[in-house]
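Residue-level listing of the chains:
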Amino acid sequence: MEMNQQKPIIEVKGLTFEYRSHDEADLIALKEVTLNVSKGEHLVVIGHNGSGKSTLAKHLNALLLPTAGTVLVAGMDTKKQELLWEIRQTAGMVFQNPDNQIVATIVEEDVAFGPENLGIDPAEIGIRVTNALHRVDMSDYRHKAPHLLSGGQKQRIAIAGVIAMKPACIIFDEPTAMLDPSGRREVVNAIRNLNREEGITVIHITHFMEEAVEAHRVVVMEDGQLVMQGTPREVFARVDELKALGLDVPQMTDLAAELRSEGIDLPEDVLTVEEMVNHLCQLKSKN
Amino acid sequence: MLKDITIGQHYPTGSLIHRLDPRTKIIGTFVFMAGLFMIRDFKAYLVVMALLLMVITGSKVPLRYVLKGLRPLMVLIMVTFFINLFMTRGTVFFQLGPVNMTWEGLRQGVFMALRLIFLIMGTSMLTLTTSPITLTDGIEHLLNPLKRVGVPAHELAMMMTIALRFIPTLLEETDKIMKAQMARGADFESGNLIHRAQSLVPLLVPLFISSFRRADDLAMAMEARCYRGGENRTRMKALKWQQADAAGLVLMSAFMGIMLWLRWY
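The listed protein sequences correspond, in order, to chains A and B.
Numbered continuously in full-length UniProt numbering, the first sequence closes out at residue 287.
Numbered continuously in full-length UniProt numbering, the second sequence closes out at residue 265.
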């Protein structure tokens, strides 16, 4: 693939991170994690609570700094204080709670917050805000107050706020965890469009397996380490291993595994309802 | 129910006065207040009333709506009136036991009550015609020259913006916690004052904890979006001084001139 020929946009080498605490032993959140993300890639990181996935995300735009190892964002070392703002502009971040990341009382003001911090010319900010709101399909809400919007809409505003900074890469730290199913769909669609149409590198952290299906690559974390990686098809085919880690697989993959254990001849890597329908129809026509 | 509270009572109509630069309106309001406190006799109130009516008509905010703003302060106005009525020495026109009413008291009472009424109406025009966010912007710009003597103008404005942003969120959360506690048998409504204050503890503790968590999250989100204080920061909507603003300031200067003239001659 073309995207693999370029230098990776994010390089994580031997990253170890310990949370220091006074009363307990230090907690090692990440152990020797090594991971490269290519330009234009759509990477999904899964793992259950406490597996270190959020801690990893916070290293990718220097909100946390490694205890050992290095993190390079577009070739910039996150440990270099003087590169901090350039790194954060390159790697934007969307957080879990939509309420706690919106700063202003009017949608357009909030989207403008990032570019304003970068000291961009007012006329240019206006253009960026218009474009960013258009990208997430929220142009009609430009002058609304954020607290009147739904969770999915708020989260799309947060995404627009990051897009307006023109990042090469966006890290999504469980952006759908607090949303209802329809809000989740809106946000997942927005993320996919950013990757497919704008070519923005996406690192999406989630514990909803369905959201991993469309990724280019899936990484599974457990206890501060990367334990599996591959295409969604490769990863989800390992149903038993995933379940041993306390993780789910997409519903259809699960169903396929159940059916196979009943002796029905289905492949291991069924991911979507459509694929399931195809395989079942093929079976039927064979018989 | 708690969500219905509106802060600042902005009444958008898109009129010329709404579109004025917030700095003009803030300065204008201060001039108005200063002028009001210079007044010594009733005829100056005619000028004040004329100005107020002009501004209210120009802003297209219904007069009734402006007058409604007086209601919560009616008690204060009444108390002011009666204290002046009973406490001023002069020619007694009514006496009942130890209570004296004097002509001078009546004049003074009406005078002070009118001053209060005009003060409230005048200042409420500022919030009625200016959205909180623009108002904050105006305050930041006006405080900017004071940065050199250490006034944190940008930080104050940012704090106000965040406070305004989180008022509805926190009200919603209070509502939610209250209902959750009520569902488990908490009683917020009966008992005496001390009892009721005590029953607020299970409401305030979770509210405080969640506010701190929110503050932490927000700080992180702001940092991730490259926030580093007011240095080198630009604004999408730069405040623009227009002809109407100059006209507004001329009008307010004229008002001040008349007030001064009426006081000294």
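Worth flagging that the hints you see were computed from the coordinates, not collected in a lab.
Mixed in with the good hints, there may be bad ones.
[As the list claims (entries may be wrong)] Keeping only pairs whose Cα atoms sit at most 27 Å apart, straight-line, the calculated DSSO-like set for lysine-lysine is: (1) B:K237 - A:K144; (2) A:K7 - A:K31; (3) A:K58 - A:K144; (4) A:K144 - B:K60; (5) A:K144 - B:K147; (6) A:K166 - A:K80; (7) B:K176 - B:K60; (8) B:K176 - A:K144; (9) A:K79 - A:K58; (10) B:K237 - A:K166.
Tested hints:
{"no.": "1", "hint": "B:K237 - A:K144", "in the structure": "16 Å, holds"}
{"no.": "2", "hint": "A:K7 - A:K31", "in the structure": "24 Å, holds"}
{"no.": "3", "hint": "A:K58 - A:K144", "in the structure": "30 Å, violated"}
{"no.": "4", "hint": "A:K144 - B:K60", "in the structure": "22 Å, holds"}
{"no.": "5", "hint": "A:K144 - B:K147", "in the structure": "32 Å, violated"}
{"no.": "6", "hint": "A:K166 - A:K80", "in the structure": "22 Å, holds"}
{"no.": "7", "hint": "B:K176 - B:K60", "in the structure": "37 Å, violated"}
{"no.": "8", "hint": "B:K176 - A:K144", "in the structure": "23 Å, holds"}
{"no.": "9", "hint": "A:K79 - A:K58", "in the structure": "13 Å, holds"}
{"no.": "10", "hint": "B:K237 - A:K166", "in the structure": "20 Å, holds"}
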